[in-house]
Amino acid sequence: MKKATSSSTAILLIVFALMPYVAPLVGEVFYVDVFARIMIWSIAAVGLNLILGYGGMVSFGHAAYIGIGGYTVAIFSFHEINNGFIQWPVALVISGAVALLFGALSLRTRGVYFIMITLAFAQMVYFLGVSADKYGSNDGLNVWHRSHFKVGNVDFKIDDNITFYYVIFFILLLVIYFTRRLVKSRFGMVLKGSRSNEIRLNTVGIRTYSYRLTAFVISGVICGLAGILQANFEKFVSPDMMDWPRSGELMFMVIMGGLGTVFGPVMGATAYLVLSEILSSLTIHWHLIFGPLLIILVLYGRGGLSGLFGKSND
Amino acid sequence: MDINIFIEQLLNGFQLGMLLFLFAAGLTLVFGIMDLVNLAHGSIYMVGAFIAATITLWLDSFILGIIFALPLTLLFGMVLEFIALKTIYARDHMDQVLATFGLILFLNEFVRIIWGPAGLAIPLPILLDGSIDLPLGIVYPAYRLFIIIIGVLVAIGLYWLVAKTRLGMLIRAGASNRIMASALGVNIRLLFTAVFGLGAMLAGLAGMLIAPINQAQIGMGEEILILAFVVIVIGGIGSIRGAFIASILAGVIDTMGRAFLDVLLLALLPSNAAEAAGPALSSMLIYLLMAVVLVFRPQGLFPPRGG
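Just so you know, the sequences run in chain order R and G.
For reference, each letter of the first sequence is one residue, going 1 to 314 in our numbering.
For reference, each letter of the second sequence is one residue, going 1001 to 1307 in our numbering.
To be clear, the hints were calculated from the coordinates, so they are not data collected in a lab.
The beta carbon of each residue, even a glycine, is placed where N, CA and C say it ideally should be.
Be aware that one or more of the hints could be misleading.
Stated by the list, open to error - Quick list of simulated restraints, FRET-style, between CB atoms:
1. S6/R to V1295/G: 20 to 28 angstroms
2. P1270/G to D160/R: 38 to 46 angstroms
3. P292/R to T1165/G: 31 to 39 angstroms
4. E80/R to G1116/G: 56 to 64 angstroms
5. Y1089/G to E80/R: 31 to 39 angstroms
6. I1113/G to N153/R: 54 to 62 angstroms
7. F156/R to P1303/G: 49 to 57 angstroms
Said to hold, decoys possible - Chain G is nowhere near these chain R residues, computed Cβ spacing over 10 angstroms in every case:
8. A17
9. D33
10. V58
11. R108
12. Y209
13. H285
Just chain G, same shape as in the assembly (with noise of 0.2 angstroms):
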């Protein structure tokens, strides 16, 4: 096997983990603290590159459209948690599940409305519109690198905000007993619309980042929901440490699976069992590699403390 392809693949399962992340971050969040399982977290994602690939072709610069629509998709997120969300936090998960999955069928129809049934396609930002050389002769599309490195600096940035900061720690004090951290005077109403708000922008934030090279489009939300869901369940739900390395492990096994698995079968099975099955395998790879961890650790990688 060509080691460069095979770095090119790690690289790209990074890039996809790194979406994940971005993504999971806020929906493992939400539910630590609020206790809130919220499908509609998808719907954000969509807004988010809808408004950031409309303000991109408004203004005919990309990281102007970013710079624009992480503010309204942050808005977007609280005034969705006033208006929908803060009914059901009291109510159970199933309720909770099923109010927002109305949601969705809802904001999906609000943005065809809206931006019609197409989707809307932006280009590559021009800097980022090329290839980068790396070491050993690699070169990687410059673009997929930049959403690495964003996913970086948003994992550290969180990492300091959980961990360092004084929200942080009112965040890990609501995550681990509600009720006690609010007897202690945090005002817990508060907090929730600020980590709601914050895990909106990051699910706006992959969104906007991914529309240039899968476009906006309605119902993108729902495909990223369900891996989501996965990394959250291998990571333990309500912890950023487990999303952060659940997401990379999803990205990675995906990838190599989808790019690898078939040469893979060709050597252990006959060519026309491992031309059925390659495509089938690759798909379900992250599946079963949650079903593996279930067994070992029915809480997942990292569970969370306390409550």
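Looking at chain R on its own, in the form it has when it is part of the complex (with noise of 0.2 angstroms):
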């Protein structure tokens, strides 16, 4: 990595580490609640980018991982279970259980057809979603308690914004360590080779299936846990958080921060929400300037801001 990346790596993690205090500073607390959103994204970001930048699969589907992660913490809350040590394992578990099922059969393809794929299944579950009256269908449900995490005499919660923000950085650190050790290791190695010559791969007697597929599984156990966390912020799930366009902005975070760098997607993430929530604040017709914008970018952006600050590769 070189010098100008980690030294802005290095300024992004001390803004998000510092922003409890820096904001009632500043007169804006709900910058504190903007920086949880970018960090729960950055996140599902980290997590799409191990598919899509280091093993070159386009997942055009990975909300519904946000949204299975997010349903299953308002379901289990629903049924008045707020213990996270249920909640956040039995989520993780299903997430990586659909993502593998889906995996298994999108990775029987190739190119356009995969974008297609992981697309049409993300939808089949915003449907299940949506056709889910007993959960709220298209209003969707509130989570009426946050997680809390008990065992014995220690009751862990979460319900302070200001504690959760710190819980969610945390993760996000983890998340982060996790992604950059996966992508070091032979496992990494083989991700990435799989992108470039597959079928050199398949000669040397590797088989890359699999590891796609492990990947893949894991890459939506990362967004599972970015929908955990997005339920318990938000107090609310409904269909919407995993309908198509959410996939494309998750993409979109990706591509700003550009591929193949640990670090990128949350640059990505942070400058997606942050430009949105400027453009927003000027007109309500915002689309109109962002919809040119973002297809200037992939145009013209080629490598995204970690590009922008010193080309890295590991």
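Quick one: dock chain against chain with the hints and give me the complex.
Here you go:
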């Protein structure tokens, strides 16, 4: 990693770490919420980047796993089970299981088929949410109580927004650390290799399918984790959180940050959300500006923000 | 089960299938020949519906609305191709998806500014506002039958165009090997614009036909877009024949599922489980169909020949 990238990484992490202290000073407490959302989306973007940036798998359906993670928490909460030690592992396992199923089928295909199939599977999950009358269908479902973590006499709660903010921050750091280790490992080498020349890897006796599928599942689980956090943070889930434009936005965050760097997606998510926050405060017709901006970004912004700050290929 | 209701729902399925076909034909052609994934195809459908609805309200005639809106949609499609899309042909599919996603945001907002946030409703044309008596004592709405007939006519016309004409020959040549075709003197650039315009017109036509039933509204394009993706994945990307068969399959299965699946489930499952599973399962049916097709034929039912 080049110096410029690591320093911009460090700056952004310091901004994340200090935001709950800085926001009240500038009199804009809602910045804390904005940055909590940015970190949650960052986690999802890091997850998607694992397969998109490193594995070259263009999944257009990762909002589904965010939705699955979120809905699992919300449905547990609906049935008055709020213990995070039950909610979270189950949510992660379901996200992983669904990713395993969808991935196993989708990875049989290539290129544009893969894009469309991941999209279609995600829409299937979306329609499942829409038709779930018991759980609010289109109107969504309130999460009345955030998860709490009870072991013996200790009961850790995340009801306080600042506490929860730092929980999210900590999880983001963990996810980044884990992903960094993963892409530098032998597994990561195979994954990157399968993007550039799969036939060669198969020839030397590596079954890339299982590596790609594993990466797909891990990526789904990370997005599921982001969904768990989102449901807890917003105290609300709805089918909208897994509708296909969310998958598109997630892809944009990854692209904006630059493919193939671990930290790129975090910068991308930050840029994407800050930009939409600013534009939407200017005019209600902000999509009129945002849409073309995104097009220009795709056409001329290859390498994304991390490319801007110095290319890295870790 | 009442056989009349069954046949009526079957016809509804065909009607949805025909709309899907009109939409998917352009999408699959554009992909087959230009290797372009165009999410904004849905926006053309929407714009077509809005233009036709506006003209219909002005001139108080749906037929005139369609007649004037078709060339306008063609023009809109070609302008879109010329300004925004031709720059992304050479890009990979992900870039195309993202760029056309940005285009959707822009066009939806654009339509919202011109026509306002509410949809535009138009009445059914008087000639077709009513029912027709079919054999076996089936009474069926004339307008829906009209959509089916238009769909079949367009399918026949497209078959004739692609299989029997010189333009069709060029289209097939472009689809199977673009570089070779252009080396042999085919003006690929012009062919692209022509095919894109044709696809845009068909998508616009689909939008115009649905407008009297569902009204023209923002976001209408995205709903059908995803369905059309499923259709062309099932049919085999680039294949018009595949798109036709898969459209009918998807239309019929989706409609029949929504109409009869809960009855079927009630016979098999305890009633509360059936009531919960019915709507969920029926809205997922065509995605399941797609999954099944992919397991057995990852390239779709009619994989395109050549490149």
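Hints versus structure:
Checked against the hint of 20 to 28 angstroms, the pair S6/R and V1295/G fails, with Cβ atoms roughly 45 angstroms apart. Checked against the hint of 38 to 46 angstroms, the C-beta distance between P1270/G and D160/R comes to roughly 44 angstroms, which is consistent with it. Taken as a hint, the range 31 to 39 angstroms holds for the pair P292/R and T1165/G, whose Cβ atoms sit roughly 38 angstroms apart. In this structure the supplied range 56 to 64 angstroms is violated for E80/R paired with G1116/G, their Cβ-Cβ distance being about 44 angstroms.
One distance hint, 31 to 39 angstroms for the beta-carbon pair Y1089/G and E80/R, is violated here, with the actual separation near 55 angstroms. One distance hint, 54 to 62 angstroms for the beta-carbon pair I1113/G and N153/R, holds here, with the actual separation near 60 angstroms. At about 55 angstroms, the CB distance of F156/R to P1303/G agrees with the hint of 49 to 57 angstroms. Distance to chain G confirms A17/R as a non-interface residue, since its nearest Cβ pair spans about 31 angstroms, more than 10 angstroms.
Distance to chain G confirms D33/R as a non-interface residue, since its nearest Cβ pair spans about 24 angstroms, more than 10 angstroms. With a closest Cβ-Cβ approach of about 5 angstroms to chain G, V58/R is found to fall inside the 10 angstroms limit, against its non-interface label. Annotated as non-interface, R108/R brings its C-beta within 10 angstroms of a C-beta of chain G; the closest such distance is 5 angstroms. Y209/R, annotated as away from the interface, keeps every beta carbon of chain G farther than 10 angstroms; the closest lies near 13 angstroms.
At roughly 5 angstroms from the closest C-beta of chain G, the C-beta of H285/R falls inside 10 angstroms, breaking its exclusion from the interface.
Of the numbered hints stated above, those contradicted by the structure are hints 1, 4, 5, 10, 11 and 13, listed in ascending order.
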